[in-house]
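Protein chains: 2
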Amino acid sequence: MSTYHPLTEQESIDIARNLEQFFPADASLSCKEIGDGNLNLVFHITDSASGKSLIMKQALPYAKVVGESWPLTLDRARIESEKLILEGKLAPGLVPQVYKYDPELSLTIMEDLSDHTIMRQGLIEGNQYPMFAEHISTFLANTLFFTSDLGMNQQEKKLQVKNFINPDLCKITEDLIFDDPYTVSSNNNYEAAIEDAAEALRTNDDLHLEVAILREKFLTKTEALLHGDLHTGSIFIKKDSTKVIDPEFAYYGPMGFDIGAVFANLILNYVGQQYWIKDEATRASFRNELLNMIISIWQQFHDKFLALWEEHGVDRIANQAKGYKQYYMNKVLQDTVGYTGAKMVRRIVGLAHVADIDRIEDDTIRNQAQRKALAIGTELIVRNRSIQSIEELVELVKSN
Amino acid sequence: MSTYHPLTEQESIDIARNLEQFFPADASLSCKEIGDGNLNLVFHITDSASGKSLIMKQALPYAKVVGESWPLTLDRARIESEKLILEGKLAPGLVPQVYKYDPELSLTIMEDLSDHTIMRQGLIEGNQYPMFAEHISTFLANTLFFTSDLGMNQQEKKLQVKNFINPDLCKITEDLIFDDPYTVSSNNNYEAAIEDAAEALRTNDDLHLEVAILREKFLTKTEALLHGDLHTGSIFIKKDSTKVIDPEFAYYGPMGFDIGAVFANLILNYVGQQYWIKDEATRASFRNELLNMIISIWQQFHDKFLALWEEHGVDRIANQAKGYKQYYMNKVLQDTVGYTGAKMVRRIVGLAHVADIDRIEDDTIRNQAQRKALAIGTELIVRNRSIQSIEELVELVKSN
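As given, the protein sequences belong to chains A and B, one line each in that order.
Sequential numbering from 166 applies to the first sequence in the working numbering.
Sequential numbering from 166 applies to the second sequence in the working numbering.
Heads up, some of the hints might be wrong.
It does not matter which identical chain is used: a pair holds within one copy or between any two.
Once the Cα atoms are required to be at most 27 Å apart in a straight line, the calculated DSSO-like pairs of lysine-lysine come out as [to be verified]: (1) K469 to K382; (2) K487 to K336; (3) K336 to K490; (4) K254 to K327; (5) K327 to K382; (6) K197 to K336; (7) K254 to K490; (8) K404 to K490; (9) K487 to K265; (10) K382 to K490; (11) K265 to K197.
FYI, nobody ran anything at the bench for these hints, they're computed from the structure.
With the rest of the complex left out, here is chain A (with noise of 0.2 Å):
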């Protein structure tokens, strides 16, 4: 039973069974495969009888988005469950609670939070999530200063560093955000309709210049240890409640990327809303919401993470050197613009698209959404070292 393999419904019913004081002893399970099969399996288990019900996360070792020729190391179960058990720790209620992991089995077992939707349908259909902001900047700020070198020993953050290696999920972050959407690949997936456009990315130079600074950061600034795939669709919400998933992509990096995915996801809600609300008024009113979330979110990351930073920095010179917090939050801004645009360029050029924009059925609206989120992201990636202020990345999006 503990030698891996792909696990059946009815195998993932047995280990729930044996899941210590969960389902009450004679419980009649049920399970139901709901994984969108890209990387992993996701067993969905419920006793109607109690209402008690779990998730099971296994994960495959090739991602199916390619085939199995893609292969994957299945540390990335590893990973995902000790990043998710750290979350929960440093930012209690905005992640799934994880009640066991199964290192043979690289099977997280978790809580379900089926009454939540997915952010990324949620925006779709224009709800507004009044506490988002408050939730994620929370998030943000707790996760990233207190794995950082201000916020945590220096010394075990290197230990940190260590077990966050992640070689094959960063891989694919490489390619597809930092190198196919500027060059001719085979991983590159857009519609003819828009040639034009993909190709201006593959010959502007300034543009180039930037994309291989926002890499080299990628690759080489163990700042923070991120979630690293952050957009609306590894976020559970509902009114009151937001809730992360998904941190398989883990590891030490810039804290913009992290960031930045969460702007570039709303950025992208933001140009596909064009179809989706098909009242102006409405819209204008859901779109600005959405611009005023990305400066809350902003502003309040920005003092959380200051204040944190006041009462738990770790780190004398960096505590006291006067200027040092300015200069710092200020390339976390310019971080986070540059990643934004990356990660808004890679969802229309590159392999993986977002429903936003993918699902308008309109191929006038959606091309037209198509230029403007490449549009935006191609400014925001060309100007964000000079990006001072997060009114600045607002303007820029309404000015396109």
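With chain A held as given, fit chain B onto it using these hints.
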């Protein structure tokens, strides 16, 4: 025999005798412990009949410099041995050959370099080393390029980062170079006569900001596998040969830290020469040669690094993005300037000093040299992010 304990001279002879095909079977070996007793035992084993000899270096589980109260992991012997072997492959002939590594005993058996001089001593004696710039620039270009994301498989590089996580030895650098000199610390060590200059280090806001930024890069920038302690006491030299030794501080960090270590120690010698070379014309000429050496090392490093990049670059976008190579080399230069300054300052007010200045017997000249080194070091640190050429660094040294 193979359980860890500090070896006696007799035990080291027994081990040497068992080294396959090195000494003749009937050799009459003699042994002398020649370490400075800081972090390691160093046994020099010779066979006077055959003239053959070797060095055995054994790590001690503590740093003697501050008594047995500063424990150090023996893992640094593995790191040193693996780094030496790697350097031997990347920069053939520029490090001692490793004959054997015994992990149980934390013991490295290697080439005897007794026919060489420690470069610091050679420079103090006013010797010229016409091949040094060529040798050390090759060492730097090859070891740094081929361990970076520019010159090696980027997934294997991540495993190298993991393999060379070195918390104990990095902690020494973080404390002694990037903290203590800028605050009141019991680790500091300087004469009362320069108290005002030491005090000035503790009250200079511009300096503290730059030290905080240099410290941050030391903590987070996994740019290349560094030697980590590349001062002139870690270099064996003679006219036609240069051998870099003692890489126990090896870890993934910013390239400029290694280059800056070389420059700092050349400049410290430049400053100390006010005492050592009595004849004014000879002194002026020697000093001029030291500054020319710095320019030559940088220029050769720069050209060799770019040539390697041109021929062996593995990163598509880094290879092709217009302006990126210039951006990259400029950042390495600026880091080099900052770390040069940081390594000069710590050698004057910090725990460990250099003979080039400490052994000056004339109090006035010695204190003048200490003040000059602090002035140069401080200015290099404060100005590092605006330096655009190696000539600026040299002009800055001359003008102090």
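Numbered hints the structure breaks, given as an ascending list: The structure conflicts with hints 6, 8 and 9, although it agrees with all the remaining ones.
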